[in-house]
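J.: Sequence:
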Amino acid sequence: MKHKFFKIPVVNPENAESDLNAFCNQHSVSNLDKHFVTEGANSFWAVCVTWFDL
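In terms of the numbering used here, the sequence shown has 32 at position 32, counting the first letter as 1, and numbering is strictly consecutive.
Hints were generated in silico from the structure; no laboratory data involved.
For glycine and all other residues, C-beta sits at the position ideal for the given N, C-alpha and C.
Heads up, a few of these hints could be off.
Only pairs whose alpha carbons sit at most 25 Å apart, straight line, appear in this in silico DSS-like list of lysine-lysine [said to hold, decoys possible]:
#	residue 1	residue 2
1	Lys34	Lys7
2	Lys4	Lys34
3	Lys2	Lys34
Restraint-style ranges between C-beta atoms, simulated for each label pair [as the list claims (entries may be wrong)]:
#	residue 1	residue 2	range
4	Phe36	His3	27 to 33 Å
5	Gly40	His3	16 to 22 Å
6	Phe52	Val11	31 to 37 Å
7	Phe5	Thr38	26 to 32 Å
8	Ser43	Lys4	31 to 37 Å
9	His35	Asn12	16 to 22 Å
10	Glu17	Thr50	14 to 20 Å
With these hints in hand, go ahead and build the complete structure from the sequences.
T.: If you want it as structure tokens, here you go:
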């Protein structure tokens, strides 16, 4: 099992969302945990993807 971490900002999230979606489409994801970090205009989603290296 491996882990990959993503930071998805609330302002202009499109590039980070695309990176996360591409990663998930290319790997065998077993779990995805997310946590919202409140920092005003700098708020973001912290995402941990657990995946299997096949």
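J.: For which of the previously enumerated hints does the structure constitute a violation, in increasing order of number?
T.: Of the numbered hints given earlier, those the structure breaks are 4, 5, 7, 8, listed in rising order.
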